[in-house]
Amino acid sequence: MKVGIIGAGRQGWRRAQAIDVSRDDITFVSDIDAQAAENLAVVYRANHTVNWQDVVRDSNVDSVIVCTPPLFHAEIVTSALENGKHVLCEKPLARNLKEAQDIFHASVSNAVKLKCGFNYRHFPAIKQAKQWCDQGVIGDLLLMRCRHGIGGRQDYDSEWRVQSSVSGGGELIDQGSHVVDLFRWFMGEFSEVFGITETSYWDIEPVEDNAFGLLRQPNNRISSFHVSWTQWKNLFSLEIIGSKGSISVDGIGGSYGSQEVVLAGRNDADSDMNKRIEFRGVSETWIAEWQEFSDAIKDNREPMANAKDGLEAVRLIDALYRSSELGQPITIN
Amino acid sequence: MLKVAMIGANLQGRRRGPVIQELPESELVLVTAGHLERAQVLADELQCEASTGWDEAVQRDDIDAVVICTPTHLHLPAALAAIENGKHVLCEKPLGLDVEEAEKIEQAARAAGVILKCGFNHRHHPGLQQAHQWIKDGEIGEVMFARCRYGIGGRPGYENEWRADPKIVGGGHLLEHGIHAIDLFRWFVGDPSQVFGYTNTSFWDMEPLEDNAFALLRTQTGVVFSLHSSLTQWTNLFSYEIYGHEGYIQVEGLGGSYGVEKASLGKRDFTAPFSDQTIQYRGADRSWYEEWREFVAAVQENREPLANGVDGVEALRVVHAIYESAQDGKVVLLSQDQ
Numbered sequence: 143m144k145v146g147i148i149g150a151g152r153q154g155w156r157r158a159q160a161i162d163v164s165r166d167d168i169t170f171v172s173d174i175d176a177q178a179a180e181n182l183a184v185v186y187r188a189n190h191t192v193n194w195q196d197v198v199r200d201s202n203v204d205s206v207i208v209c210t211p212p213l214f215h216a217e218i219v220t221s222a223l224e225n226g227k228h229v230l231c232e233k234p235l236a237r238n239l240k241e242a243q244d245i246f247h248a249s250v251s252n253a254v255k256l257k258c259g260f261n262y263r264h265f266p267a268i269k270q271a272k273q274w275c276d277q278g279v280i281g282d283l284l285l286m287r288c289r290h291g292i293g294g295r296q297d298y299d300s301e302w303r304v305q306s307s308v309s310g311g312g313e314l315i316d317q318g319s320h321v322v323d324l325f326r327w328f329m330g331e332f333s334e335v336f337g338i339t340e341t342s343y344w345d346i347e348p349v350e351d352n353a354f355g356l357l358r359q360p361n362n363r364i365s366s367f368h369v370s371w372t373q374w375k376n377l378f379s380l381e382i383i384g385s386k387g388s389i390s391v392d393g394i395g396g397s398y399g400s401q402e403v404v405l406a407g408r409n410d411a412d413s414d415m416n417k418r419i420e421f422r423g424v425s426e427t428w429i430a431e432w433q434e435f436s437d438a439i440k441d442n443r444e445p446m447a448n449a450k451d452g453l454e455a456v457r458l459i460d461a462l463y464r465s466s467e468l469g470q471p472i473t474i475n
Numbered sequence: 002m003l004k005v006a007m008i009g010a011n012l013q014g015r016r017r018g019p020v021i022q023e024l025p026e027s028e029l030v031l032v033t034a035g036h037l038e039r040a041q042v043l044a045d046e047l048q049c050e051a052s053t054g055w056d057e058a059v060q061r062d063d064i065d066a067v068v069i070c071t072p073t074h075l076h077l078p079a080a081l082a083a084i085e086n087g088k089h090v091l092c093e094k095p096l097g098l099d100v101e102e103a104e105k106i107e108q109a110a111r112a113a114g115v116i117l118k119c120g121f122n123h124r125h126h127p128g129l130q131q132a133h134q135w136i137k138d139g140e141i142g143e144v145m146f147a148r149c150r151y152g153i154g155g156r157p158g159y160e161n162e163w164r165a166d167p168k169i170v171g172g173g174h175l176l177e178h179g180i181h182a183i184d185l186f187r188w189f190v191g192d193p194s195q196v197f198g199y200t201n202t203s204f205w206d207m208e209p210l211e212d213n214a215f216a217l218l219r220t221q222t223g224v225v226f227s228l229h230s231s232l233t234q235w236t237n238l239f240s241y242e243i244y245g246h247e248g249y250i251q252v253e254g255l256g257g258s259y260g261v262e263k264a265s266l267g268k269r270d271f272t273a274p275f276s277d278q279t280i281q282y283r284g285a286d287r288s289w290y291e292e293w294r295e296f297v298a299a300v301q302e303n304r305e306p307l308a309n310g311v312d313g314v315e316a317l318r319v320v321h322a323i324y325e326s327a328q329d330g331k332v333v334l335l336s337q338d339q
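For the record, the sequence lines run as chains A and B. Using this note's numbering, read the first sequence as starting at 143 and increasing by one per residue. Using this note's numbering, read the second sequence as starting at 2 and increasing by one per residue.
Simulated from the structure, these hints should not be mistaken for lab results. Beta carbons: idealized from backbone N, C-alpha and C, even for Gly. There is no bait here: all hints are sound.
With a straight-line Cα cutoff of 30 Å, these simulated BS3-like cross-link-like pairs (lysine-lysine) come out:
id : chain 1 : residue 1 : chain 2 : residue 2
1  : B       : Lys263    : A       : Lys386
2  : A       : Lys450    : A       : Lys240
3  : B       : Lys331    : A       : Lys240
4  : A       : Lys269    : A       : Lys144
5  : B       : Lys263    : A       : Lys417
To give an idea of the interface, some chain A residues facing chain B are shown, with a C-beta separation under 7 Å as derived from the structure:
id : residue
6  : Leu356
7  : Arg358
8  : Asn362
9  : His368
So here's chain B without its partners, still in its complex pose (with noise of 0.2 Å):
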């Protein structure tokens, strides 16, 4: 049995917690937050301890892991506390605030032998799993291009929450959301040599951070990812779409207000009609309870876990690189040898 303590008790802190006591494999013991009482209302639903401060939590010899969903700012402190204590970690995307923290925190995992798990719940999304299992048994023939637009349209009062407070977060919309995408493109292709990127604040009033950033990655071998990130997609979309040169994928929807998930293979036919079979995925989201169960089994079986620290890193490599490109108008290369 593991079990388990969870920092911060805010939306993904009632996520991720259910999905803890759900599994038979794992227990939920501590919420801790910032003010005690947020944490005792999610403490009490889940039936655990609840405390303030994150001391707790990576100190008791009792709980073999931490999970981390507060705000970005406090991922690197939270983390390297628990990855010092000899907890394993997992932590909500964004890993750090940048490149640089999210290596502190990868590196730390890696020397203490922990295992650490960043929080790209998208790839134990079904029909995401299925894109990525027809690409690695040849489907859809050597890879083309990648599109993806992925958009919400916020809600009244989001310039207010700790989301557009830069002090808080890395970056705006590409960080928090866009960022999945990017993680995806890497899972599915691979990473990405050039990157270039625009980003603009043109509806809510968030400045400095963007509320829409458009992307195009270029890899070596010259595929390329079309991505926009949108905080102004006032019918929420999550389209991903993948070219090779014998078919095509596409998945959309990720349940809830993106619509019912699904996902669908073609063929390249020049002559018959367009058929494609498609998948769709009924009931509720089950990204966390999957992604959780995967976390369990990397700590029991001591391996690295998909999406690892490094993926952590090289995802946020990449939308600084973006932020970079959109701020200084050109091409950004990334070093091949990482």
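With the rest of the complex left out, here is chain A (with noise of 0.2 Å):
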């Protein structure tokens, strides 16, 4: 396959070692900054342009990759649609519900896959648990909690994450975007929330560096988490709890710590019930994430994460800044 990358910043790295791994081909890359574009694209040999335009329009690209920040995505996401191009496209998909709409209808009018890089779902010890909940290990999945966060780093203030007309919203939006996709992978979809957002530390105002969301189902289960950037020691905790018992997952590598996944039954006396996993040295889901998106266009099936997930996920997010800014829950229609 040969794939044009459209970002040339740390996350586009990143994904053009996972596909190079892949051994397809990177064609074309293109970044604003021209020498950003030229340095990455020299690794590869691929041709490189300020354009993105230039890439989503040549006919030497079967694929596209959209690393910048959320502000270009809807733009670049849907020309590549509409050019005939796969698109890989980071998360969120996009600043607000309405240009995530906008990608979403782009995606299902044209014959071409769109995933949303919610790479969380790659990480094995969070496949495990999947696996696990789908194979009905733990019954009916009655609630979820995550907590995940991390401190930040010195001048964090200054980075494109804290402007909202860039990347639509704070930490919510950044990690509370993969918190909503795995809550609505594992438990399905939500009718309600609640949300809480504050800016308890940095000086980013009116953007968030903390939220708290509890989403409801229909059915009146209710899960809940906490997303922060004031999460001075990094942190990833996911629960899961069923009618037969319960799973964890902690870390997600690096420093998060190792993975770990822990099954435990309901009944103590249950002891087969009992396994804990921890995947050493894995921390990074790219390759597997390129792997399964290479695959989906191969067999012609749906990506796993895509355009609708990467639309409902951005939907529970703008719900959950509703929900703080009016202080009342948000109906999900």
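Fit chain to chain and form the complex, with the hints in mind.
The structure is reproduced here in structure tokens:
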């Protein structure tokens, strides 16, 4: 497969490496910063440009990976889809609901694949948890909890992530997008949300550094999360409680600690229900994610975390922001 | 020597009775229960008298203080009877079925000039005491948020116990259990001004009482508290985290089936390795003894106890605000001039 990369920042480099390992060809790189585009292109002997339009129009490109800040997603992704390119787009799919809907509609009306970069679905510990849930090992899923955060870094307040016109919001849309995607993936759809966002530490108002969410399903099952840029010791903790047992996932590698998934039965006596797996050294998902996308194209099937999943995550995030602003729960249509 | 009568001889009575005898400054002289046989069994173990009903406990002149560990619906009549007779009272939480009941108890105690302590024993767990001290000493700076996950898995037949009978209790698991976490938040941070919550009955056959409650509380100054109180936490869990501008505190475990109690303190640092200091509290749960000791000291010094009547009322106010929020699907505002 011939791949164009749009956005040659940190994420572009990560993605390029995964594409290369998967023996697909990076043929074109674009970045508004010509030097950045060239630096990445040189490594993989690709063409480079400052105009993303060149990439999406190039007949020598089969698929496009969009690693720009969210500000540019809607225009680039829509155009790429209309030009018949398959697209892997970083999360969040867009800055807001309107843009996500535009992307979704473009994806429905063009016979190409769109995958949203919810890479957490590809962490082995999370995949294992999902598999146990699908097999009914812990019975009916009653609830989920997630605590996720990072302490930021010095000068975090000057990065593009904290400008809502570029990113769509703060920590809620940043790490919170992954969390609501995982909740949907495990639990299904939610019909009401309540959110609180706060700017507690960083000088980044009106963008938030902390967000709390409660999500309710039509059957009144509730899931709860907190995402934070003031989590001074990095944390990823995902817990799923079912009618027959529970599963917890801790860590996503790197500074979040090694990934561990623990399965426990409801009754202590049920000893074969107790399992603990630690995935040593695994901290990256980029290759697995790229291969799933590439397989979806080959098999002509929907990718995991498709346009609909990207849209629905933005819908939940949007509702959580509105809830926080209004101080009331928001019904999801 | 403080002479004490205990009303109620169930699980809580079995926890509270022995520590009264253990403390040199107090003596348990009488245990009463609805059924004399039950009172007698415990009284024999604790080497004191037994009776039925609470008249004797509240009326005898040689009794200075009364411990109430009956089911919740009896707290109000038992506490009022004790207070009217000039007895100091340690009352199991929740103080009453609802805010009105708790206020009646609190006001009666204030008017009578007796000491009233509400049984929020968690304040006497060493890890939580340490957390409170760290916050007070400014170790984590200005508090931003707290998270608490607190749950147990129930036990077979739970739905048939009095705790699952809406005529006897004023609410479900939040009122029974989660109220401790709310009391701790009030102790660590202060009163919330906004409350939102969801409750459900997802596993146990105990409707309309909830087996899970999720709440988000916010103070006037923007400190947020996220609480999940669960009766479907198959592996018992107590985890309380408090984050401030300068650092963070985590208390895990309460001893016994919750695991060894630990308190950790870590500091914000963007470049150093993650590091924290952790204290592990080995041995048995001593919160009942420490709570009793503090009550007796408050009586002797004629001062407000830790977790007084007002704390009992205010924690209930928050619990019922969560219920109201869950019922109406709205944020409930709590007035600030309480």
